[in-house]
Structure formats: structure tokens, C-alpha cells
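Chains A and B are the protein sequences, given in the same order. Just add 421 to the spot in the first sequence (first one is 1) and you have this note's numbering. Just add 1 to the spot in the second sequence (first one is 1) and you have this note's numbering.
All clues stand as given, with none of them false.
With a Cα cut of at most 30 Å, we get these calculated DSS-like pairs of lysine-lysine:
| hint | chain 1 | residue 1 | chain 2 | residue 2 |
| --- | --- | --- | --- | --- |
| 1 | A | Lys457 | A | Lys439 |
| 2 | B | Lys62 | A | Lys462 |
| 3 | B | Lys100 | A | Lys439 |
Simulated from the structure, these hints should not be mistaken for laboratory data.
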Amino acid sequence: ETGVTQTPRHLVMGMTNKKSLKCEQHLGHNAMYWYKQSAKKPLELMFVYSLEERVENNSVPSRFSPECPNSSHLFLHLHTLQPEDSALYLCASSQAAASYNEQFFGPGTRLTVL
Amino acid sequence: AQSVSQHNHHVILSEAASLELGCNYSYGGTVNLFWYVQYPGQHLQLLLKYFSGDPLVKGIKGFEAEFIKSKFSFNLRKPSVQWSDTAEYFCAVNPNDYKLSFGAGTTVTVRA
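Modelling step: build the complete structure from the supplied sequences, incorporating the hints.
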């Protein structure tokens with residue numbers, strides 16, 4: 422058990438839909454992250470939250486909207502996505518948002534935008 | 002632009018063969034270095050990490066990596082692979098903040 426869970430595992434949506442991805446960590450960590458993993462490309466950091474405050478928005482389009490209601494939960498709200506947004510979206514957590522902390526990853530949500 | 006480069010996209014080898022995966026980064030100054038592995042159908046998990054001290058780091062499942070500062074490299078090695086080592090391997094670099102930069106990954110296929 423990874424300690425970081427993500428739902429749903431697979432999502433297919435149209436460009437006009439609104440959906441949300443959910444991440445939950447059971448490790449007592451204070452930092453949470455969203456990454457995008459596209460085929461044959463490095464993982465791209467999207468957002469970082471530390472103690473429920475957003476500390477990084479890595480030039481992500483506004484059609485992606487994160488929410489961190491508490492240190493255990495992280496959401497990614499999606500609206501009017503484009504087909505090129507199809508990818509694996511990974512959530513991760515760490516003890517703190519610091520360079521020496523190992524990040525623990527969830528299994529990901531495979532998103533397909535039609 | 003600062004980056005992490007993994008030289009091999011796909012490596013195929015037989016059981017008991019030795020494995021070495023290259024990783025180079027372009028960040029200057031102090032860095033923290035990681036290798037993550039993703040087995041088929043599983044999540045990314047940490048294989049080993051280097052922060053300071055002995056540049057030869059040992060990780061889980063018989064893997065080790067060597068940090069060579071002068072070459073900006075952090076290559077991963079295993080003397081004798083097993084079929085269960087079939088996975089995708091990612092090098093990652095953290096240049097003293099929380100932003101983990103990943104390489105594109107190397108797919109390793111071990112034939113029985």
C-alpha cells in the first residue's frame with residue numbers, strides 16, 4: 422500500500438465537461454504535489470501545496486484548478502480541457518516541501534480528453 | 002535550460018547481465034539526487050537517494066548509484082539483473098528546493 426491514493430484511476434471526458442481528480446495521503450505529510458506524465462516525456466510538476474498553501478504554480482493553464490482543503494486531501498478540478506491534456510496525472514506527498522524529503526507517489530489517474 | 006538527461010530510452014538484457022543506466026543533470030551547486038522505479042502496473046517508488054557523504058549509494062533490491070560531481074552524473078547500476086527488474090527507471094534531481102526535476106525515463110526489459 423503506497424499510502425497515497427488517487428481516484429478515479431481512469432477518466433474519459435469531453436472538452437466541455439467539468440471533472441475533478443482526488444488525491445488522499447495517509448502518511449501524515451505536510452506537502453502535496455500534482456504532476457503530469459505524458460508519454461516519453463519527463464514528469465512535469467504542476468502544483469505544490471505546503472501546509473495547505475499553494476507554493477508553486479508551474480505555469481499551468483487556468484483550465485486546471487487545484488484545491489487543498491486540508492493536508493491530507495488534494496483535488497485537481499478540470500474544465501474545458503484540450504486533447505493534448507490527455508496524460509497520467511500523478512499525486513505525491515512528502516513530509517515537508519523540502520529538497521531532502523522523499524516524495525511518495527500515488528498510482529495516478531489516466532485522463533483521456535476527447 | 003536546466004535539465005535531467007537519461008541516455009537510454011529502452012534497454013533490453015538477459016537475466017544475470019549487468020545493468021548501468023546513465024543520468025546527467027545540468028544544475029550547478031548542491032543537488033539532491035534520486036532514482037525512482039515504476040514496475041508494470043504499480044506506482045512510482047524510491048529506489049535510492051543521495052544527499053551528501055559517500056558518493057556510492059546503495060538502495061533496495063541490490064541497486065546502487067554513484068554520484069560523480071565533476072561529471073554531473075548519477076548513474077544507476079546492478080551487477081546481476083533478474084526478470085523482476087523489468088520496469089521503468091527515472092532519475093530525478095532536486096536543486097535545493099522542493100522542485101523535483103525528472104528525466105524522461107528508461108524502460109528496462111529483462112528476458113528470462
